[in-house]
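Trainee: As given, the protein sequences belong to chains A and B, one line each in that order.
Residue numbers for the first sequence follow numbering that gives the first Met the number 0, so the first one is 0 and each next one is one higher.
Residue numbers for the second sequence follow numbering that gives the first Met the number 0, so the first one is 0 and each next one is one higher.
If you're looking for bench data, these hints aren't it; they were derived computationally from the structure.
Quick caveat, the model's predicted, so the values are computed rather than measured.
Fair warning: there could be bad hints in the mix.
Covered by chain A, according to a simulated footprint, are these stretches of chain B (three or more residues, beta-carbon under 8 Å) [what the hints assert, rightly or not]:
# : region
1 : 189-201
2 : 241-252
3 : 258-268
4 : 299-313
A virtual CB, placed ideally from N, CA and C, is assigned to each residue, including glycine.
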Amino acid sequence: MVVVAGLLGRLALTDDLLLYLRPGMRPWLLAAAVALAVVTLACLVAHRRGGHSHDSHDHGHAGGRLSWLLVLPLVAIVMVPPAPLGSFAAARQESRRPAPPPAGEAGGYPPLPPPVDGAHEITLGNFVLYAHNDTGRQLDGATVRTTGFVTPAAPGEDGFRLTRFVLACCAADASPTSISVAGAIPPYPPVDTWLVIEGQWQPSPSGHEPDAPVVHVTSVREIPPPRDPYET
Amino acid sequence: MGASPVERWELPAELVLAPMVAVVWFRGALAGWLDGPAIGTWLTIFVAVSVQAMPFLVLGVVLSGVIAAFVPAGALARIVPTRPVVAVPLAGLAGVALPGCECGAVPIAGRLVGRGAPPAAALAFLLAAPAVNPVVIVATVVAFPGRPEMAVARFVASLSAAIAVGLVWARVGRDEWVERARLHAAADGPGWVRFVRTASDDFLHAGGFLVVGAAAAATLRVVVPGSLLDRVGGSGAGAIVAMAALAVLLAICSEADAFVAVGLSQFSLTARLVFLVVGPMVDLKLVALQVGVFGRAFAVRFAPLALASAVLSALLVGSWLL
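Next comes chain A alone, as it looks inside the complex (with noise of 0.2 Å):
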């Protein structure tokens, strides 16, 4: 339980929680810890004042049971450099459409943030929303900003893919969002570069958004995996 306790707490206190979890659950996550380094204390004192009559319990492995598995993620986690979910998980799922939030007052979603540097910032999977369903249109023609990983190009798309994945909940739940990356000069980055691209929207010609509309890029930028590789 010591080991689930520390595992929990580091989770907790570093960023490496965000490969995982939504930000959210952080305090959750430290109360679970704290909990269960008190009942573990108190399980210790316990002991010490003289349980003999419950000498089957223990407090890594109780005998030859399944609790022993428990140590299995923080092994996982030191064997392994975490990592955040990428192209291979993407490909695996289609990218489902996020759900749109609800519209606006006036029918259309709320402004796009105010431009930095001459573009729009905006996260990857609020581009697609607005792509698919901001009824006031006010990616047209506008210069945005945004971050993703690249994944290959769906068969009959130039370029290459920038993709996120949106969380609800932990990365059991992820599920990806992708744009099209038109106008990018080859070589193209591998599969899994971060990068930050800048570019327009090119709506489809035939009125129907494609799963991953098309951005027409003017500049791209890696840049090292973000500290939250997630949308919430």
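Could you slot chain B onto chain A? The hints should help.
Mentor: Just chain B, lined up with the frame of chain A:
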């Protein structure tokens, strides 16, 4: 604890697990023929499922410790109405009071049975609690903006499925199927000692099975291609089966599943209701937890019953409300 029938049930779970452990352990040697990203994805999902369930499991074992330490033996049997027709629906409704997801409810239900509550009532509570509590219902409302009937349908379908299972269990259930929860006696000593020992026992015990469930869910996620879903039609029997199977295999928390369901927009609302009703009642990590707390003889009967009841109830309520 450690009675002989209990040991016998341990073996299969370990056999299932051994290859998974081997994969983690000999990662270096295996890297040649198992490509890196697959392992990385497996580990991330495995750790994510294990870790996100922990706070709820801890809440559950703290409550189960309270039950074992401070509820006198026999008190539950006196409080709970004797007639199942009354006791089971009440127990299902009592699930409203447990804010959390499914992992916490299993050790609590185990302790309730251990303290003499009728199994049928405890099981109705076990099934209802993760789906009808305010946190989950609010999450469902938020996930389906403008469609509050989805949350209503979820509440009604989950509660009635839980009650149906409880009533069936009251009729055909046998005590020896829940023997393990009964055998799992509480520690002795002063109240606080019983409390901490029960809580830590239950945590260590259920936790191991949770890890098995997380490993199975991660494995299926890595092995089964997502494109399988695309080949199933958006409605009709195929979609219902697909959504029920997905709910079992994904093993996501009942507080998060509504956000996943909303993204499965190629499926009909009723099919997605099936997903939301089945998930909190039957999924891989949950069945693993139930094997741990109640035993295998229990889980092999209970899981199919709960699955059938959940699907039927979701279909009925879906055709009525959605």
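Trainee: Now tell me if each hint is right for this structure.
Mentor: Now the hints, each set against the structure:
Counting residues of the region 189-201 of chain B whose beta carbon lies closer than 8 Å to any beta carbon of chain A gives 7, which meets the minimum of three for the stated coverage. Counting residues of the region 241-252 of chain B whose beta carbon lies closer than 8 Å to any beta carbon of chain A gives 4, which meets the minimum of three for the stated coverage. Residues of the region 258-268 of chain B lying with their CB closer than 8 Å to a CB of chain A number 6, which satisfies the three-residue condition for coverage. Residue count for the region 299-313 of chain B with a Cβ under 8 Å from a Cβ of chain A: 0. That is fewer than the three needed, and the coverage hint is violated.
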